[in-house]
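Chains as they are written, first to last, in my numbering: chain A, 534 to 859; chain B, 534 to 859; chain C, 26 to 368; chain D, 26 to 368.
A few of these clues could be false.
[Unchecked claim] Straight line, CA to CA, 20 Å or less: simulated PhoX-like cross-link-like pairs of lysine-lysine:
hint: 1; chain 1: C; residue 1: K235; chain 2: D; residue 2: K321
hint: 2; chain 1: A; residue 1: K818; chain 2: B; residue 2: K820
hint: 3; chain 1: A; residue 1: K820; chain 2: B; residue 2: K820
Treat the hints as calculated values from the structure; they're not laboratory data.
Because the structure is a prediction, the values reported are computed rather than measured.
Spelled out, the chains give:
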Amino acid sequence: MRELAYYEAKLEGLREILAADERVHFITEIATGFLGLSPHRVHFRQIASSFPDRVIAPPISELAFCGVAIGAAMAGLRPIVDLITASFAFEAWPQIVNEAANAFYMSGGQTRAPVVFHLLHGLRGAGAAQHSHSPQAMLWNCPGLKIVLPSSPRDVKGLLKTAAASDSPTVFIDHVLLFEYRGSVPENDEAIPFGQAEIKRSGADVTVVATSLMVQRSLAVAERLAKDGIQVEVVDPRTIVPLDFDTIMGSVEKTGRVVVVDECHQSCGVAAELVARIAEAGFDKLKAPIRRVVTLDVPIPFSPRLEEFVSPSEARIAEAIRAAAR
Amino acid sequence: MRELAYYEAKLEGLREILAADERVHFITEIATGFLGLSPHRVHFRQIASSFPDRVIAPPISELAFCGVAIGAAMAGLRPIVDLITASFAFEAWPQIVNEAANAFYMSGGQTRAPVVFHLLHGLRGAGAAQHSHSPQAMLWNCPGLKIVLPSSPRDVKGLLKTAAASDSPTVFIDHVLLFEYRGSVPENDEAIPFGQAEIKRSGADVTVVATSLMVQRSLAVAERLAKDGIQVEVVDPRTIVPLDFDTIMGSVEKTGRVVVVDECHQSCGVAAELVARIAEAGFDKLKAPIRRVVTLDVPIPFSPRLEEFVSPSEARIAEAIRAAAR
Amino acid sequence: MDPIDQAHQSREWLIESCRRMLLIRHFEETLIGLQNQGHFAGHYHVYIGQEATGVPALSCLAPDDHIFTTHRNHGHLLARGAEPGRMYAEILGRRDGYNKGKGGTFHIAASHLGFHHTSGIVGGIIPLAAGAAYAAKARKTGQIAVCLIGDGALEEGAAPESFNIASLWKLPVLYLCENNGKYGAGRALGAAQSFSMAAYPLTDLPKVYKIPAQQVDGTDALAVYRVVSEVVGKIRQGQGPQFIETHTVRWPGSESNWPVVPVVTSVDLAWDASAAPEKFRDWYRASDPVLAFIRKIVEAGAATRAQLAEIDAQAVDLIDRAAKFALASPFPEPQEALTDVFA
Amino acid sequence: MDPIDQAHQSREWLIESCRRMLLIRHFEETLIGLQNQGHFAGHYHVYIGQEATGVPALSCLAPDDHIFTTHRNHGHLLARGAEPGRMYAEILGRRDGYNKGKGGTFHIAASHLGFHHTSGIVGGIIPLAAGAAYAAKARKTGQIAVCLIGDGALEEGAAPESFNIASLWKLPVLYLCENNGKYGAGRALGAAQSFSMAAYPLTDLPKVYKIPAQQVDGTDALAVYRVVSEVVGKIRQGQGPQFIETHTVRWPGSESNWPVVPVVTSVDLAWDASAAPEKFRDWYRASDPVLAFIRKIVEAGAATRAQLAEIDAQAVDLIDRAAKFALASPFPEPQEALTDVFA
Ligand SMILES: Cc1ncc(C[n+]2csc(CCOP(=O)(O)OP(=O)(O)O)c2C)c(N)n1
Ligand SMILES: Cc1ncc(C[n+]2csc(CCOP(=O)(O)OP(=O)(O)O)c2C)c(N)n1
Ligand SMILES: [Mg+2]
Ligand SMILES: [Mg+2]
């Protein structure tokens, strides 16, 4: 199978989606959308100019342009709408959590809103307090939204396809620090179903459940720890709504030791929910307390030293795995 | 000590705060603010007319009027700003979570924003999907905000005083279904410090950690279960930021059995965080899995039958406690 | 020329409009009774006093146009022909409600009538309507979108943000802003600054974004019809968004947050309001748009008082049966709460 | 009458303004170099081309007025006399930064100069400024609040919502909207509709809310001073909010997201731009407000070229030392990340 960089797979997915379905419109800032400020953003501009009527730049009005996308979805399109920096999703919060998430339920199953929200989350380096959010935990607290967190070239393409085809509002949460990772991506169109976790690495000693960039970070740590004789299994849920809890518990039952790694702030973060579920279901199987490696509960500082200190770094992941393995 | 209804204690607290400190201004809709649509709201109007220059009605512009309160706090006032229905806080989300929460940290400790956000959360009966939110979990995921969840007449008054005197932005989250509860409230001014959980009922068998209305609901269940010989200890954190985890763990160590009752949706809710912390710290002490009684992960339905079914009802609380006690 | 004579307002249209207005009026009056009897909980908002806006305005639309409305939606749905029984069932949280009891009064949706999503969040639908218009334009379906909002919604940032996009992208959307604050305890006052809106007249706001905007008396059904039908024509021709502000006089029964029915509306009331309690009488005499419409029809000779009384009796009967239907409808099974989360 | 001669623009004011403009210019030019050398990460925005707005505008304020600014804040802080060394230290994430390295380029705050909170969220400060004005009015301190925003911020709903409140409550707030989109790849174009803003001229938006609004050439320091000082006087008299839109021509060095310095600014460049690369030359000749100000001062005889060159050299030196100060400042201790969460 051929190898692609993550950003290439992501671009390829978008191009194929736009080419395949006229109902897909993409609302985004052309200059910095989809790939953010990454140096590869010029490639996105090429896609934009291939579909000039369907890739459109809105004013700086996140609330309204997300609502426009939701309304267009209700009326027959399949819009993808780009918040770019995930922190900007807060501007559109009422539309995402109180209109899109509730539409199908509140209408008693009458009204579908097949919209995809695209967000770039997390500590990207010097984003400081206002540009570094990981809102997936807040969103998971809003039933009605599907939530996708890709971590590999193959996943980003395959999950983007499934998101674009989903009949429910879907939040597609990406991370710019994944863009340079390389991996194999099948030539032929391969959508990845929601709700299928992937065991990204097998190991018998400790289960690491990780999402998004934290999958790659955990894999790197796992390689290193293997040399010290600790065999780490890395489970990537890929979508948290729906969540493939069976695969997670399968691994937990095997190892009895769990570390959850996630980039949300600690309190009420994604890791909190995963820990709560595993603690409940795995009470008899756990050989050690479940550990969380997450962003410390402080606003994100600008200075690189401080940012590194509060982030779920490789050092902190390794430490937690060692502690769990003991 | 005299007995007051919850709403009376709350009103008394507000009146004393306004009388004591000229810097306190209250931005609210006069007709339905502070006490919502409760029949007692007429009493709030009396307070409003006692302080006509400091109780002011804004346009329907939550984003801006919360920002106005935050800015006024930065410039020397101590505003209380009323979102009324907690769901409307989403309209002001960018100001609450990305400006107020970050101001002190981001400025390197230069700028205080002593603002209080007042919210009425939860299932109030027929609020349906868009008016029934409990955003405390989302807010707990935003470091920089203090979060207060009163549950008794004495607490609502005492905590409101502390909130108004706090130098940090504070979210004061109340519940209209508490307003009729009665309880003793000291005559003399008694502020209740943040970060002090209260054991609302002692018991040796099962620890229930509950917040807001769920405290009262758990107390009612505890009374009933006592007749069946199950002694329930009800711990009320009163503030989740700061959290008095010691008192919680003290109870957990005593009982070894825990039920967390909270009105947020399940996933990444307040209960998730409490479970995660207790599971980690209490690994050796727990005799049974921690159970959560929370709002089911669906948008809130309108029909009373359905609403009751998804809510953390007394029936579900009792069932969870019985299971934990086994 | 008396507007009654205008070709586009046929006798059938007049009678049918009158029937729908009376239906709305009795629907709301009966609803207030149902609430007082404890048949449903929660806050709700009635459309009394605005019937002469919604009925003629929505009669200008094509069957497949998209309509977004708010907490004050009952009149809009009935104007489009929604079944009062299923609406009551929804408001009472019953299984036969349009939304299976999951939505309630704030959220009545009837997708087959164009009501996809009704929001209780002030300003919530404003971007959604632009979005539906965007879809119609992209798919070249010829549909338009209608955004039914109150004057208060203009205070939310969602309004100007959406006006900007609708204007820039020339979207086929009609903003119909029902200003019900005139002389009442409401918000915007139309021609002067209110405590909550510095922009006045309200039409100035869309105009800033180059959206043509006009005001019309919302108690005058014929004037509403004339303006809306003209403007809808322009939107269909591709001229982009349009904004209409209608003025109605707030019904005094809604002054408190929990409405009361001072008098059951009848055709006779159009000529003799003495049945209404003193404090409400003026409104029924001078500001009630349904009674005004009844008088106009009779004065123009399009129908007799007796004929209208017959129509009224049928409306009362229909509403009566609708209420019975709803009360007989079972509550949904609890497990039903777990469905419809994802499509 | 030549504005230079006006009593209120003393020679000292001219020289000091020129000095501050040059300081800003060199600060930004040097900053671009620091970024290119990898001394700090992340996105940032420079104030080049807008110096003749910020410097005269902020000279009209009292020392204790409240100022809120955005991602493009460097020039505003320097105009108020902030220390360039502490600013660089902040941008480089060092311990001696104004915010102890916790804020970075988007968030430089200097409370003693009135900069309480600088937001990187477009529109984020607009309500905050109204709030500070509210506090000043309530406390009768005589302070005013200044809200420094770009043209793009008017696209956020926070802008109209805040204008409404500021107008209704007659708050002492000055909105200074720096429209840097003219002829550039920016957003609003001032006199015509841009791809992202249907409202034009932009001053129409505050005017809808009855906020007096005017436009001024933001490359003409004297015109800016005149308008801002007049308007600040009105605000202090209790006349309520005011809005000023300034126009500047976008500096071509910022066309890409990562700015480049085509030529280091010097006094000589004011008369001979040939040192600038072809593609940038026009801007330095026709649109650079600092060079235009230099020419004006010299032509008016308020200072000689040599005197200004001396001032420029001092500015270069000051910036040089500031950069060294910042580079010598240590990074904060990691544990420092855990402080300042709560006051
Ligand atoms: C975002 C939000 N804020 C506040 C409310 C509470 N609320 C419900 S109706 C209403 C007044 C709306 O006024 P208007 O838009 O004129 O509609 P009307 O009720 O007069 O028809 C308010 C403030 C809400 N539903 N949503
Ligand atoms: C809410 C939000 N949306 C988008 C952005 C990304 N962003 C940063 S600067 C900018 C352009 C702002 O334009 P303008 O206000 O004119 O300021 P200028 O940069 O031209 O000075 C955008 C869209 C942001 N920071 N915040
Ligand atoms: Mg109204
Ligand atoms: Mg600009």
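How the hints compare with the structure:
1. At roughly 40 Å between alpha-carbon atoms, K235/C and K321/D are farther apart than 20 Å, so this suggested pair is violated.
2. Among the hinted pairs, K818/A with K820/B is consistent with the structure: their alpha-carbon atoms are about 13 Å apart, no more than 20 Å.
3. Under the criterion of a C-alpha separation no larger than 20 Å, the hint pairing K820/A with K820/B is consistent with the structure, at around 14 Å.
The structure fails hint 1 only (numbered hints given earlier).
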